[in-house]
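Asker: Could you use the hints to bring the two separately framed chains together as a complex?
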Amino acid sequence: MAKSVYKSIYKSTVPVREDRLNTTITYGGTASELVNLTTRKCLKAKDREFSQTTFCQEWLAIFTLATIKDAVVITHAPVGCTSSLPFINIFSRFGQILRGETPLNVKWISTNLAHVEAIHGGEDKLKEAILEAEKRHNPNAIFVFSSCVSGIIGEDIDAIIKRVQGEVSAKVIPVYCDGFKSKVWASGYDGSFQGALNHLIKKPKKRRNDLVNVINPLTVGRLDEVEIERLLAKLKLKANFIPNFTTTEAIGKSSEAALTTSMCPTFSEYFAKSLEERFQVPYTQKIMPVGLDSTDLWLREIGKLLGKEDEVETVIKAERERVEPQIEELKEKLAGKRAFVSAGQSRAVGIPNLLADLGMDIVGVTAYHYDEVIFESFADLEKRCGNFCTNIANVQPFEQTNILNKEQPDFYFGHVGESIWAAKQGFPTAMIYNLSVIFAGYNGVISFGSRILNLLNNPSFSKKLAEHSKPIYRESWLNENPFKYHKGEI
Amino acid sequence: MSNIIEAPRFSCALGGALSTITAIEGFVPIIHAGPGCGVQLFYGQSFAGGFRGSGWIGGVSVPSTNTYEKEVVFGGEKRLKEQIEKTIELIEGNRYVVLTGCTAELIGDDVSSILREFKDKSVIYAQTAGFKGSSYIGYEILLDTFIDQLVEEKPGKENLVNIFGIVPSQDVFWEGNLAEIERILNGIGLEVNTLFNGKKIEDLSSAALNIVLSPWTGIKAAEKLKDRFGTPYIINPLPIGVTETNLFLEKVGAALKIDVSDFTAKEEEKTYKSIDKVADFVVDFDVQLRFATITDSNYAIALNKFLVNEFGWIPSLALITDDVPEDYKDSIKKELNFKNTLSPEVLFESDSGRIWDAVEKEAPNFIFGSSLDKDLAAKLGATKLSISFPFTDRIVIDRGYAGYRGAISLIEDALSEFVAPL
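Going line by line, the protein sequences match chains Z and G.
Under this note's numbering, read the first sequence as residues 1 to 490, first letter to last.
Under this note's numbering, read the second sequence as residues 1001 to 1422, first letter to last.
Just chain G, with the same shape it has in the complex (with noise of 0.2 Å):
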């Protein structure tokens, strides 16, 4: 059974499924669902991460049936077909994606023998209901529908590959994050397809490898991958840092075999000259902080491992906020079982509220979570950086923590704040 949750940090199956088919270069949604699930999941998904904007047709923008009485009494196909006609006589799509909310999901809505109506698959369907779980679970559900519903087998590139895992505006900093990613991998002779960076959705089939960049959201794609293409995945959560970067090139490197040491070689050297600048503020201040983490799976591994293993903080603990299933809770505890007793306590917990009890006990120096744990903040006099979802104390255009680039973002960010009251 789920638990009632005190200021979430998520939204629902809906919001991520919205927030990823609005990252895709053009595909058009459309909501079939209340009037007010469109605006409440732009503010409460998108704009409630920095401040993310409209995009090209997100925001007030999306096409939605608005469901109303009528169609809760009668039925909301009539509707959903004429909005569907119109929307495609109004806008120009690539694709145009069904979303159902809960409202036509409850009353039954038979979407599927509507779009039967539309060729080409220019229209898909996806059951996005917000009671189906959060906006990870939203994500997930997208996917599996683009891989029924568009995606055939292909030639294979032998130089392409998948990246799933990153959940548009739940990850804040998803398009810096997967913006180091290509570039990296790239720079081991490596195409990317990620989804959003214009490469379609149809060629999925095409890669050589999948790489989940989560300990748990996207595994099933690559899992249904594998099984209908044959093709390979790795699971590696978000790596931050020369170490865990170097790491993950490495892991990929080897299920191509391609020798990546060159490339790992340079951008160390190069992330290390730029830490050698901020070297003297650590030393002369003493910047050696116990930190919290409040965050979802993805960047309570990230974070721990490159600020314990690389960074030198101490780690206190490690709130995961995602829901996470419990199959993978295991697998999550050991990725922060580190050596030398520098393990974070992890308590698995989306409650705001029992979260904050929590973190109050430990008192860290330093909390990485959202605007959400200011108040938490200001009580124990701690410094915070706004890193997870929900934040709305911070903007957030293309910056990133991933890779080795992000490794100095990060830094950047997290000490800017400390000397912010200076």
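Just chain Z, with the same shape it has in the complex (with noise of 0.2 Å):
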């Protein structure tokens, strides 16, 4: 049954992931009980009686398609809903010189849905921004992102772009991505590559044996990309980074590669199943390649796939008698440090993994979400690490403070926006992703050792931090449940 949405050609609309791979985004105990309860089947969706702000999956479609240069981004929704853009724009200059670019903008554009549009709709307002968008930017495509009150009030996005599309030559398409239809922010990836498969992508006029689609974030960073690059080449096979830096047409050539691969499975899930469904390019995505041993089992995937299983156990064997050595001397001084990682699902995954490399015991470990794209990767994890403490929160920094407080890591690694709370409770912090650090594959493990090393020799700044620091919540919550305000199926 599930299998049928990735085939829902010409629907605009994804099932959301709660839905279609029963996501949960609650949850507390240890990492046994929920490897115990997933295998029974019966962990259960919870909600929280209190909440913190946290990303919707407009946020993240927007962050799936931006840096594609060919591309215009607009928002169909009040003015307040490219609020993002900004920030994503730096992701976006920063990753354009690493790539030696000349920085350019992400180009937007929003609707700015005002209040008597927010009520009869905002049809007019919409065609005038796809016309401006083509006069402006003469791009290949134009994305149109809903937003939570162009489906409140039930706007007909795809009917709107098919009257307008006859006067534009950029391909005009549609990302279903409203705020409040998911809880699962990850969604909002499924929405953006079902606008891309439904109109760049086109049915391959030959196989390229050599081409693999590797589907990076746009918080893989270009040294990731290097590394994965070295390694690919090892086996004669050639990277097609998408959808990040790059065009609508190398995005459209994606269903000629031999192979879809990717640094994040929950990132890349829906739309390597459906390139495989649609134009039978087969995928493997069973982890990050981040830490040896998922390096190990990523190379080993591609070569099953491809029929080079032998030049990755050569690769491999290369690979670590190069690394081994910087790695036991990183291990002198970071083994038995225990470390607290917060991020989403999959990089929760890996870079547990690669802590584990250098020695590091794991303490905690949130994931921002939930579902089968890390049962099998987090089994193992559990299997290598012990039982650690585990939170299921998108975000929920109260929820983490509590836990911090009762761990007491030596390091805390986090994503962006939640990392400050720790570093202001004291703990030296380092983050699961950074532009400048390499995360991925061999390289990967020493790399970030490295960057661990130095926050071990200096961790003044989170220190004096915390001195200063006004706590937000009441002394009592540091002594309750951190899980206390989990509440029942709803």
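Hint data in this document are derived by calculation from the structure and do not stem from the laboratory.
Errors might be hidden in some of the hints.
[Said to hold, decoys possible] Cβ pair distances, simulated, as ranges:
hint, chain 1, residue 1, chain 2, residue 2, range
1, G, R1394, Z, K44, 21 to 27 Å
2, G, G1053, Z, R99, 26 to 32 Å
3, G, P1421, Z, K331, 43 to 49 Å
4, G, E1085, Z, P204, 33 to 39 Å
5, G, R1394, Z, Q408, 52 to 58 Å
6, G, R1394, Z, V416, 54 to 60 Å
7, Z, G29, G, K1329, 57 to 63 Å
8, Z, N458, G, P1421, 29 to 35 Å
[Stated by the list, open to error] Only some residues are given here: those of chain G computed to face chain Z with a beta carbon under 7 Å:
hint, residue
9, I1005
10, P1008
11, C1012
12, G1036
13, G1038
14, L1041
15, I1057
16, V1060
17, P1063
18, S1064
19, E1069
20, V1073
21, G1075
22, T1103
23, F1131
24, G1353
Values in this document were obtained by computation on a predicted structure and should not be read as measured data.
We put the CB at the ideal spot given by N, CA and C, even for glycine.
Answerer: Next comes the structure, spelled out in structure tokens:
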């Protein structure tokens, strides 16, 4: 039943991940309990009586497509729904610089829905935005992102696009990502990829046996790509990195590839499966290639699908021999250090694996959500690292503050926005993505390990910051069960 | 009708209200809206303004109902009530302020009826749906809420003044600007309530004078306070430099019958001692540039007045980006009408595409704008200083451009950009 959604060609919308993958955003307990519940299919969807703000799927949908060079982003929404664009523009400009390009801004237009249009609809403004996008930027694609407001008032974006498509040469592509429609912001990736699949990707005229689609989110930096390219080159394969910093043409050609893989299975999940079902491009997206074992597995899966098993074993052997002495050096300093990791679900498995390679103890993991994308790899992590505190939370720093206070880790590894709260508690922090550090592959272990050494050698920023930070929560909160506000099925 | 906007230079009403609430000590925001509003507005209103951080309870820590499909279909009132109760249980605040977003307002949640259950006005609410307008409008809605729900008649204090018109984060230099304004008003013997300096919102009715530091934002609040408590007000857009700051203090002095001449004379002397230090550079390198401003109306007035009337630069275009309500456009144009044909051409435009076209035609040497204008400046070979929201190519902590000291910072920063390629 579940499989049919990947073939929902010509439909603009994709079922949200909580429906499609039984994704949960609320769990608190231990890793082994979670694995146990998962195995027995007893994990129930819960909610929170108290919640803090989080990401919506529109943000992630825009994050997926914003850096495509020959495209324009239109948000059919009130003006605030494009607010994240200056932030995404930082990633875009930084990414272009790291690729040796002269940075240019993301191109975005808000239909700026005002009160009257929020009630009666904003067809005229959407048409105008599309025509202006064409006139000003002459793009090959115009992505129209929906919003809470356009969704609630029932704006028929497909129909509006149909009426205006004849007047522009760019392909106008709807991306459905109404913020309220999914509790799992990763659903936004699917809305974006669905737009690309329906409108940009054509039946392949030929197969290219050396081309591998590597589907990476914008948080995967150029240095990671270089590591991936290096490993694939050893197998005589070429990476087609999509969708970031590429063109609609390169995305269109993804159907010609021999294989699809990714750095982030959570990001690529829907797209990789759809490419297979629609265009018979096989895929592997078992794990994020971060950490030695995960990278081995990642390569072996590619080798298996492309008949390069022997070559892969040769690469693994040589790479491990090369990096192991350096890893031993790092281990001497880092072994036994207690680490807490908070990340999107794929990185929430990848980063602990890398830290375990460095001999560190995993005392806790927060994953932004949890579903079948990581069932297997998370169970493997639990086997490898033993039992640890596990929180499934779509950010929710109040739970994190409580847990960190109890676990007292030596290091905190987290995402944008939430790491600051760990720093204010005095824990030395490093980001689980950083465009100037390698995470991927064999070099990633050394690169990120060296980053952690700096943290070990000088944790003074967090220490001093904590001495001067006023706690948000009442003191009593720290003595409570961190999962006190979880509530049963609704 | 509002227009479509390419690369907007403000966020929505909820954005302005949220950045304002989180700037007030002890005030706890509770967003009643979709899941992404708080995060989107943190990155899009605070962080996008010189990388302003979360503070005490901003960023991803803001309590939010995160309304999903269920609430949209069945109403979000139950969820809101639960969220308020638990917020109070977890977080100690002076006030809790519910900010409603687009979702809550479109589905018609009745927030006021829920709030009746909470005593002592500990919880108030403002209807700040994003579709109501820009960040500036959100700030105004919030002020209106404060005056309606928190402010009552109190004994007057003859040396107390309130400051309105500066929207936190939307004015990236708000904190530095207000610090300088407070310093100089203290200097003439006044106590100042900026809303953000630890003074109480409840005391707004005690002031002897309300000062609106903007050509339009905050005027409604001043009018309302005049209606309710008889407090007079003056409108004086942000002053930068000796001439404008002297005039500002004289205006305040006239309204409150204070002689400010000793203070202004001293500040004037100090400021020119500083300007003297860079005068050689300005003279030796002939730094008399033709500039354009891409800023809100407040900075357009402030920068053009200072740069033209005091620093001797040549204005070209003043692009005014803050979606100014029609009623105020004439008074803004008047403020920018200088003697000796030294007036900039004034255009009211929020759309970056149109802004870039207009500036490209003028090809100024120097652009006071946002980091959005980087590509344009590169194309024109112009120097650019990021001064208006949003920008992500400068870090701002407590820098300000207002008053006497602000002028020194402005000269330093502008000229530093000019010599940066060297």
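Asker: Give a verdict on every hint.
Answerer: Against the structure, the hints:
Between R1394/G and K44/Z the CB atoms are about 48 Å apart, so this pair departs from the stated range of 21 to 27 Å. A hinted range of 26 to 32 Å for the beta carbons of G1053/G and R99/Z is consistent with their spacing of about 29 Å. Between P1421/G and K331/Z the Cβ separation comes to about 46 Å, which falls inside the hinted range of 43 to 49 Å. The hinted range of 33 to 39 Å is not satisfied by E1085/G and P204/Z, whose Cβ atoms lie roughly 57 Å apart.
Distance hint check: the CB atoms of R1394/G and Q408/Z are about 37 Å apart, inconsistent with the given range 52 to 58 Å. Under the hint 54 to 60 Å, the C-beta atoms of R1394/G and V416/Z, about 19 Å apart, miss the expected range. A beta carbon spacing of about 60 Å between G29/Z and K1329/G agrees with the range 57 to 63 Å that was offered as a hint. Between N458/Z and P1421/G the beta carbons are some 33 Å apart, a value that agrees with the proposed interval 29 to 35 Å.
Among the interface hints, the one on I1005/G holds; its C-beta lies about 5 Å from the nearest C-beta in chain Z, closer than the 7 Å criterion. Among the interface hints, the one on P1008/G holds; its C-beta lies about 5 Å from the nearest C-beta in chain Z, closer than the 7 Å criterion. The interface hint given for C1012/G holds, since its Cβ lies 3 Å from the closest Cβ of chain Z, which is under the 7 Å cut-off. Against a cut-off of 7 Å between C-beta atoms, the interface hint on G1036/G holds, since the closest Cβ of chain Z lies about 2 Å away.
Among the interface hints, the one on G1038/G holds; its C-beta lies about 2 Å from the nearest C-beta in chain Z, closer than the 7 Å criterion. Given hint, L1041/G at the interface with chain Z, holds; its Cβ is 6 Å from that chain's nearest Cβ, closer than 7 Å. Taking 7 Å as the C-beta contact cut-off toward chain Z, the hint placing I1057/G at the interface holds, the least distance being around 5 Å. Of the supplied interface hints, the one on V1060/G holds, with its beta-carbon coming within about 4 Å of a beta-carbon of chain Z, less than 7 Å.
Using the Cβ-Cβ criterion of 7 Å, the hint placing P1063/G at the interface with chain Z is satisfied: the shortest such distance is roughly 6 Å. Below 7 Å, beta-carbon pairs count as interface contacts, and S1064/G has one with chain Z at about 4 Å; its hint therefore holds. Look at E1069/G: its Cβ gets to within about 6 Å of chain Z, closer than 7 Å, so that hint holds up. A least Cβ separation of about 10 Å between V1073/G and chain Z goes past the 7 Å threshold, and the interface hint is therefore violated.
Hint status for G1075/G relative to chain Z: violated, with the closest Cβ pair at about 13 Å, above 7 Å. Because the beta carbon of T1103/G sits about 5 Å from the nearest beta carbon in chain Z, less than 7 Å, this interface hint is met. A hinted interface residue such as F1131/G counts as satisfied when its beta carbon comes closer than 7 Å to some beta carbon of chain Z; here the least separation is about 4 Å, so the hint holds. Contact between G1353/G and chain Z, as hinted, is supported at the beta carbon level, the nearest pair being about 5 Å apart and thus within 7 Å.
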